[in-house]
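So the protein lines, in turn, are chains D and Z.
With the first letter of the first sequence counted as 1, position 132 gets the number 131 in numbering that gives the first Met the number 0; the numbers rise by one all the way through.
With the first letter of the second sequence counted as 1, position 23 gets the number 22 in numbering that gives the first Met the number 0; the numbers rise by one all the way through.
Don't read these hints as lab results, they were simulated from the structure.
Idealized CB from N, CA, C, for every residue including glycine.
Take these hints with a grain of salt, some might be off.
Which stretches of chain Z does chain D cover? Using the computed rule of at least three CB atoms under 8 Å from a CB of chain D, they are [stated by the list, open to error]:
no.	segment
1	9-15
2	18-31
3	41-48
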Amino acid sequence: MVTARPDPELAAILGGDEAAFEELFKRYHGPLLRLATSYLGDRESAEDAVQETWLTCLKSIDRFQGRSSFKTWLFGILVNVARSRRRQRSRLLPFASLFGRDDSDSRRPAVDPDRFQADGRWTSAPDSWTDVPEDKLLGRETQAMVLVAIQALPAKQREVILLRDVAGWSAEETRTFLSISDANQRVRLHRARAAVRAALEEYLK
Amino acid sequence: MTCREVVELMTDYLEGALSPADRDRFEQHLAGCEGCTAYLAELRKTLRVLGGLREVPIPGHLRRRLLAAFGDWRTSSRVTGGPDREQ
């Protein structure tokens with residue numbers, strides 16, 4: 000079988016060029032780390048999982064068939080690494096928060112109903128955060144707060160918002176990677192964004 | 000459409016998933032509603048904050064470890080006939 004075109008990222012690694020490899024792991028470090036943190040909780044375990052992901056990638060790249068993009072394959076390795084670490088942990092910590100309710104796919108309103116009058120108009124309308132300076136909006140402190148808000152989301156929403164809005168994946172890449180429908184991808188994204196916006200509103204006021 | 004309905008369609012709107020008729024009604028509402036326009040502006044700012052989380056500097060120890068692993072991989076795959084293997 001002839002594949003249409005070799006994945007340029009895969010070709011970069013297989014070509015053996017160290018600078019190209021470094022470029023790749025720089026590109027994916029943030030997204031991989033954020034995703035790993037969402038599964039494992041702390042930064043140190045997350046960094047460790049990212050390292051193992053790259054080591055596994057190098058170990059098995061000769062067997063990679065190119066059925067998905069290199070990126071999807073790499074992130075799949077990370078999810079497997081993180082899951083197996085969680086399993087090891089849950090033997091030590093009984094009843095981890097794996098059984099919490101997750102209504103990510105529900106069609107209930109994502110925006111607090113108290114924000115609206117009986118006729119559906121705003122009671123207290125948003126203000127565009129026009130008074131918030133750019134450097135505060137995009138600053139470290141705000142980022143740290145947003146990371147906490149993401150971590151507080153149900154797992155299904157968390158992975159969607161991390162892939163879409165943090166890693167910058169397309170809707171199609173995300174729903175394929177997570178094996179979910181287009182509609183569920185969008186509902187989860189909607190709920191996650193609404194929650195993060197609400198957390199930002201609270202923080203910025 | 001009411002504000003309460005419009006905010007629940009924001010993601011569908013940004014994703015281009017509304018039918019042309021719904022998109023028109025959505026945009027008509029937006030044109031006459033400061034509150035919903037502000038909500039959309041806040042969502043867009045939220046997306047910028049989220050995008051700002053993409054880049055994280057790599058700790059030196061991790062960079063060194065991975066470059067060393069890459070060097071080892073390159074050496075061993077040359078020995079075994081890679082990296083230019085064909086399938």
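Going down the list of hints, with the structure as the test:
no. : hint  : in the structure
1   : 9-15  : holds (count 4)
2   : 18-31 : violated (count 0)
3   : 41-48 : holds (count 7)
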